[in-house]
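S.K.: For this one, chain A is given, so just place chain B on it according to the hints.
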Amino acid sequence: MADDKTNKPQNNQPDAQDDIGNPTRRRALMMGAIGAATVVSVRPALAQAAGSVLNCEIPMPHAGQNIDAAGKLVPADTAGSFPVMGQTYSGEQVKAALGGRSLPGASYEQSQAYIRYIRRLQHGQSGFTCFASLQMPR
Amino acid sequence: MSDNPVLYRAEAATSLIIEPLDAVTLVYHIRSGITHIVAEPTPQILAAMADDTLSIHEITQRLSRQFDLGDAGDAQAIIEDRLAELADLGLAARVAP
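Line by line, the protein sequences give chains A and B. Going by the working numbering, the letters in the first sequence line up with residues 9 to 146, in that order. Going by the working numbering, the letters in the second sequence line up with residues 16 to 112, in that order.
For reference, chain A alone in the conformation it holds in the complex:
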């Protein structure tokens, strides 16, 4: 891919034969100096952010309360609600669930309820920043 742009030396390159009889044909390479760094590296902040987003965690509430289908915390004996045990989901798992997959170890309905709970997280609640960053466009 880069070959044609970077003048990969070929054994049959004319310069290789000509350099004794015609040394001026070789361009002087700007060699710089020993110890003088020639590289500046640009690490994209976006790529780093994307990595950290997928590794962040969203904790579910501890056992004692359940989450109903609308994502609200309800007493543990509420019909149609789903138990939680303080489990955490990674940003990547939540992102996949937002795309239609189920959270690991959860049925489809259970997963939908958990996702609705996560969507309702407020600023300051654990997991909010992680969830908010999943919403940011890449």
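For the record, the hints were derived by calculation from the structure and aren't laboratory data. One or more of the hints may lead you astray.
Stated by the list, open to error - Now the in silico label distances, taken between C-beta atoms and shown as ranges:
1. A:G132 with B:R24: 49 to 55 Å
2. A:R127 with B:R24: 46 to 52 Å
3. B:S30 with A:G108: 28 to 34 Å
4. A:G132 with B:I32: 40 to 46 Å
5. B:P20 with A:G94: 52 to 58 Å
6. A:A77 with B:I32: 47 to 53 Å
7. A:M93 with B:P112: 53 to 59 Å
8. B:P20 with A:G108: 53 to 59 Å
9. A:Q130 with B:S30: 41 to 47 Å
10. A:G132 with B:A102: 42 to 48 Å
11. A:Q130 with B:V110: 52 to 58 Å
12. A:S49 with B:A27: 18 to 24 Å
None of these values were measured; they are calculated from a predicted model. All residues carry an ideal CB built from backbone N, CA and C; glycine is no exception.
M.R.: Frame of chain A; chain B shown alone:
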């Protein structure tokens, strides 16, 4: 320095996107997502290495066929310096002889 047994191999050309940009060259390393802005002679060293495992002396010889490197001893020391830099960046690997 001249008999340094260390061998180097450049990162595969398919994992690099190299774009000359005026006086510098941008080297985008696909695996790391990092763009390196390099100056001569670094892009020329990468190009000269091609897909081969080479000693510093061999790389210097290849470059000298294409370019006027000035004082040969200095050139090899500078190329050695640049190769160490490339290895630190992950753009080349040191290979055991």
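S.K.: Okay, which hints does this one fail, numbers in order?
M.R.: Of the numbered hints, all hold.
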